[in-house]
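Peer 1: Required output: the full structure, derived from the provided sequences and hints.
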Amino acid sequence: MTAAGPLPVTVVGGYLGAGKTTLVNSLLRQANGRRLAIMVNEFGALPIDASLVEAADERIVSLVGGCVCCSYGEDLVSSLTMLEALEPRPDHVLLEASGVAFPGAIAGTVGLLQGFALDGAVVLADAETVRGRADDRYLGSTVRRQLAEADLILLNKCDLAGDADEVEAWLGEAAPDARLLRTTRAEAPIDIVLGAWTGRAALPPAGGPFDHTHGYATAALDPPAGAEPEALARILADPAHGLLRAKGFMRRSGGGMAAIQTVGSRWTVSDAPADAPAGLVCIGLEEQTDFAALRRAIGCP
Amino acid sequence: MTATIYPAARIVTMNPARPHATHVAVREGRILGAGTLEELAGWGDYRLDRRFADKVLMPGLVEGHSHVMEGSLWAYVYCGFFDRMDPEGRVWAGLKSIDAVVERLAEAAGALEDPAAPLAGWSLDAIYYGGRRVNRHDLDRVSEERAVGVLNASGHILNVNTKALELAGLLRAGVNHPGIPLGADGLPTGEMKGPDAMAPLGVHTGFDRDLLACDEPGLRRFASLCVRTGVTTAADLANLLPEDAVEMMLRVTGEPDYPARIVSLRRFYGLTPEELIDRALELRGRSRDRLRLGIIKVVADGSIQGFSARLRWPGYYNGAPEGLWYVPPEHLLEIYERALAAGLQVHTHTNGDEATDLALDCMESALRKHPAPDHRFTLQHCQLADAAQFRRIRALGLCVNLFPNHHFYWGDQHYAVTVGPERAERMNACATALREGVPLAIHSDAPVTPLGPLFTAWCAVNRRTASGRTLGEHERIGVADALRTITLGAAWTLGLDGEVGSIETGKRADFAVLEDDPETVGGERLKDVRVWGTVQGGRIFRAADLQP
Ligand SMILES: [Zn+2]
Numbered sequence: 006m007t008a009a010g011p012l013p014v015t016v017v018g019g020y021l022g023a024g025k026t027t028l029v030n031s032l033l034r035q036a037n038g039r040r041l042a043i044m045v046n047e048f049g050a051l052p053i054d055a056s057l058v059e060a061a062d063e064r065i066v067s068l069v070g071g072c073v074c075c076s077y078g079e080d081l082v083s084s085l086t087m088l089e090a091l092e093p094r095p096d097h098v099l100l101e102a103s104g105v106a107f108p109g110a111i112a113g114t115v116g117l118l119q120g121f122a123l124d125g126a127v128v129l130a131d132a133e134t135v136r137g138r139a140d141d142r143y144l145g146s147t148v149r150r151q152l153a154e155a156d157l158i159l160l161n162k163c164d165l166a167g168d169a170d171e172v173e174a175w176l177g178e179a180a181p182d183a184r185l186l187r188t189t190r191a192e193a194p195i196d197i198v199l200g201a202w203t204g205r206a207a208l209p210p211a212g213g214p215f216d217h218t219h220g221y222a223t224a225a226l227d228p229p230a231g232a233e234p235e236a237l238a239r240i241l242a243d244p245a246h247g248l249l250r251a252k253g254f255m256r257r258s259g260g261g262m263a264a265i266q267t268v269g270s271r272w273t274v275s276d277a278p279a280d281a282p283a284g285l286v287c288i289g290l291e292e293q294t295d296f297a298a299l300r301r302a303i304g305c306p
Numbered sequence: 018m019t020a021t022i023y024p025a026a027r028i029v030t031m032n033p034a035r036p037h038a039t040h041v042a043v044r045e046g047r048i049l050g051a052g053t054l055e056e057l058a059g060w061g062d063y064r065l066d067r068r069f070a071d072k073v074l075m076p077g078l079v080e081g082h083s084h085v086m087e088g089s090l091w092a093y094v095y096c097g098f099f100d101r102m103d104p105e106g107r108v109w110a111g112l113k114s115i116d117a118v119v120e121r122l123a124e125a126a127g128a129l130e131d132p133a134a135p136l137a138g139w140s141l142d143a144i145y146y147g148g149r150r151v152n153r154h155d156l157d158r159v160s161e162e163r164a165v166g167v168l169n170a171s172g173h174i175l176n177v178n179t180k181a182l183e184l185a186g187l188l189r190a191g192v193n194h195p196g197i198p199l200g201a202d203g204l205p206t207g208e209m210k211g212p213d214a215m216a217p218l219g220v221h222t223g224f225d226r227d228l229l230a231c232d233e234p235g236l237r238r239f240a241s242l243c244v245r246t247g248v249t250t251a252a253d254l255a256n257l258l259p260e261d262a263v264e265m266m267l268r269v270t271g272e273p274d275y276p277a278r279i280v281s282l283r284r285f286y287g288l289t290p291e292e293l294i295d296r297a298l299e300l301r302g303r304s305r306d307r308l309r310l311g312i313i314k315v316v317a318d319g320s321i322q323g324f325s326a327r328l329r330w331p332g333y334y335n336g337a338p339e340g341l342w343y344v345p346p347e348h349l350l351e352i353y354e355r356a357l358a359a360g361l362q363v364h365t366h367t368n369g370d371e372a373t374d375l376a377l378d379c380m381e382s383a384l385r386k387h388p389a390p391d392h393r394f395t396l397q398h399c400q401l402a403d404a405a406q407f408r409r410i411r412a413l414g415l416c417v418n419l420f421p422n423h424h425f426y427w428g429d430q431h432y433a434v435t436v437g438p439e440r441a442e443r444m445n446a447c448a449t450a451l452r453e454g455v456p457l458a459i460h461s462d463a464p465v466t467p468l469g470p471l472f473t474a475w476c477a478v479n480r481r482t483a484s485g486r487t488l489g490e491h492e493r494i495g496v497a498d499a500l501r502t503i504t505l506g507a508a509w510t511l512g513l514d515g516e517v518g519s520i521e522t523g524k525r526a527d528f529a530v531l532e533d534d535p536e537t538v539g540g541e542r543l544k545d546v547r548v549w550g551t552v553q554g555g556r557i558f559r560a561a562d563l564q565p
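The listed protein sequences correspond, in order, to chains B and F. Be aware that the first sequence starts at 6, since it is given in our numbering, and climbs by one per residue. Be aware that the second sequence starts at 18, since it is given in our numbering, and climbs by one per residue.
Worth flagging that the hints you see were computed from the coordinates, not collected in a lab. Don't take each hint at face value.
What the hints assert, rightly or not - 20 Å max Cα-Cα, derived SDA-like pairs, lysine to any residue: (1) 210/F / 116/B; (2) 210/F / 109/B; (3) 210/F / 119/B; (4) 210/F / 83/B; (5) 113/F / 100/F; (6) 386/F / 291/F; (7) 544/F / 210/F; (8) 210/F / 165/B.
Unchecked claim - Quick look at which bits of chain B chain F covers, simulated, 3 or more residues with Cβ under 8 Å: (9) 90-96; (10) 99-108; (11) 141-155.
Beta carbons: idealized from backbone N, C-alpha and C, even for Gly.
Peer 2: This is the structure in structure tokens:
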């Protein structure tokens, strides 16, 4: 993305204690020069690591407000606008939602805003407690809806859970549209969580440092000539192929370049600069992704 | 020091030992006593002031749940269906058609010099216009050059014109959002439903969030409304109280002629529960007579008319989903525990009955850990509580502040759409609360509905909807109960019943000065009782003399 393009926003959701702030800190550690702006909607026991913030020149904005009586929260909008105006402009915004917020609702608002692009909704689930919470009299429907609205679920604290496989199977039914990644201490590659890689070279190696339980598989694809970007994006986002993310550029049959981006089942196609290099990079879980089948489905050469 | 003795046509004291008096004596801003002239003359030197000789005095009315924002909103154009008085005493006629709304907005737009300035209106009641939705073309008749936005009375819909959509980048096909209906042309109709859809438009239509948070002119205008409605103490129920606002409020309320006592609650937001307690303790220490600080407000759920209140089974009558939590249960429990341990008071907004259940569960558990006599934790709105919940509320020593104004403004919608007939008839069950011995207040939630405790009392006594239906005969309360509730009842929930709420020896000289006697006009006419003004801390404020 060029500096003038829309500013990507990732919504980080999940109930208290699932690891939202731990994830934010982990992403800050991996930022590697990228300017991440953080918006916090709720202050929990765990703070954003101040040393990381200074080191990497990130910005933290706390959100205040919400809809009560007849006041309504445009704080989201004004805070985002403020971040967008920063010099230098951040590369990515991480919006840490409150523990009882619906990430889909926030994502919906972000999607309406000029100058911003919704990157996706990442929801953390505590492998130890999520099923109990989903049955809780007060919280059950909230937790279930949070999960169902996720593009990516990070099944966290897998090291503590008795049987993560069982939880994973349950999540497959509770959130059929979401892709799932197992994590410990909310450590997940920034490239997957934020789709923040810019070229093929930056892709994480399969079985990288954050991979405790699964290996990642990546592949570079050349989109077939004459394919429609929207049709292609739909295939890349199809749960059948199990991709976590796909990203790249292709030539439209009518001329001009299109940018394709998917996270889980969410896909977007937008106009891209004429000099954008054609090519797609896809990333999935090693044991769930069959790139040969994917290549056949999109008719790759 | 010389006392002032006021004879009055009648003095309604709310002191059961001496319910009525002919004279009241005031010295140093406080009440020496109420009784006969002979009794009061015993206090020594006095001056007889006959200005209230033909008036009725009541204890200054106490509004237990309003927002100072009511004063600020009048900076925008009033577009409501019902007549409403502004802080300067002008009554804005209710607008009975969409054309009338357009006409009033167009007039306001015509008075603006900057052709690009946005125009904002508030309190639109689209439900009264025969089922026809207000759309952007209606508001384009106000102006095509400037952005126009009108906030719905329920606070959950924002209507905008084409220019506003254009500025927000939303005048395009393919907008896919559940809160944004599309017209036959595939473009948004201009109706933005729910906070998620409203948010992108607010900045373009002139709704200034800092202004709405609490501004100086708003705080002054709010006090004018207090004088005009007989209110001498008003709770400002959900302020974030940033430092500059606290300093401004201390300065303004400390001015010698500021006519009201403001009890401003710190809303839980942007702090951890632990930090919240520290901040509340610090604020409490900075209280002055006319600015009381240190109470905490927590919002548990949303609103019934916005379908965001948390309802127990079977949920909303129209099948809408179960609403939203605004606080994680763990945080509510932690705040209760810490506040009880620190001796701080918490008011909790619980509109739906499931939210009330959660508050009761948290309270029960927190009290086991920190038993606290006389904590006065209060459930605000608590609109759908049933008898069993009121019994639990009583057992846990909680107070409630119910919202009878809802019957008038939204009762017909509650009956037909939101909660259905049976629960609509028991909403804001004032009679049950009193029967079960729960300390009761009633409120306006201004600006959600207009400030005016006598109107709120009328709502509790009559339970009349806008269409004339009596919504739950069984939950009507008597005039005497209603009058006690808007004085001593509300004062109790704010921990001020030892200072205000009745006319008796030692209390603040706070009076509502009335032209009619609310005890004898009859419940039907309670809302029509005319207010001359107030006496606050012995200072006299005549509504007709207020400077704009
Ligand atoms: Zn309120």
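Peer 1: Please list, smallest to largest, the hint numbers that this structure does not respect.
Peer 2: 7, 8, 9
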